[in-house]
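Trainee: So the sequence shown is numbered by the working numbering: it starts at 1062 and just counts up by one.
Check each hint, because a few of them may be wrong.
Claimed, not checked - FRET-style restraints, in silico, Cβ to Cβ: (1) VAL1118 x SER1144: 16 to 26 Å; (2) SER1087 x PRO1147: 34 to 44 Å; (3) ASN1092 x SER1176: 30 to 40 Å; (4) ALA1134 x GLY1102: 33 to 43 Å.
What the hints assert, rightly or not - PhoX-like mimics (lysine-lysine), calculated; alpha carbons at most 20 Å apart, straight line: (5) LYS1103 x LYS1135; (6) LYS1146 x LYS1103; (7) LYS1135 x LYS1157.
No lab work stands behind these hints, which were simulated from the structure alone. Values in this document were obtained by computation on a predicted structure and should not be read as measured data. Glycine is no exception: its CB is placed at the ideal position from the N, C-alpha and C atoms.
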Amino acid sequence: VQLQASGGGLVQPGGSLRLSCVASGSIFRSNVMGWYRQASGKQRELVARITSGGSTVYADSVKGRFTISRDNAKNTVYLQMNSLKPEDTAVYYCNKVPSFPAYYWGQGTQVTVSS
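From just these sequences and the hints, can you work out the full model?
Mentor: Right, dumping it as structure tokens:
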């Protein structure tokens, strides 16, 4: 099982980051994939999801700022994050949708938005 998220970092408000996540085929293939985030002291939340055919849905908090995409040949899902806000600070994970706390989540990638 593999879920390897990368691309996080420290960015100023208004900045951009592009996250990538490589998943094993058993997780990625034909599944709806999503990007989740967990801020310190809060529950993990789903912020964007994408079907194998490319249909997308976003949480209201990121709509118009984040774009999810996937490369089925590379078992990779991406999250382009623009106009970042301090409240976007969290550890970001990818996984299939739906997923539950008991599932394997990988390390995630830290995104910090701060001046």
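Trainee: Could you run down the list of hints and mark each one as holding or not?
Mentor: Now the hints, each set against the structure:
A hinted range of 16 to 26 Å holds for the C-beta pair VAL1118 and SER1144, which are about 19 Å apart. One distance hint, 34 to 44 Å for the beta-carbon pair SER1087 and PRO1147, holds here, with the actual separation near 36 Å. Taken as a hint, the range 30 to 40 Å holds for the pair ASN1092 and SER1176, whose Cβ atoms sit roughly 38 Å apart. At about 38 Å, the beta-carbon gap between ALA1134 and GLY1102 stays in the expected band of 33 to 43 Å.
For the hint pairing LYS1103 with LYS1135, the CA-to-CA distance comes to about 32 Å; that exceeds 20 Å, so the pair is violated. Note on LYS1146 and LYS1103: the hinted pairing holds, with a Cα-Cα distance of about 17 Å set against a maximum of 20 Å. Distance hint between LYS1135 and LYS1157 is fulfilled; the C-alpha atoms sit about 15 Å from each other, no more than 20 Å.
The structure does not agree with numbered hint 5 stated previously, though it agrees with all others.
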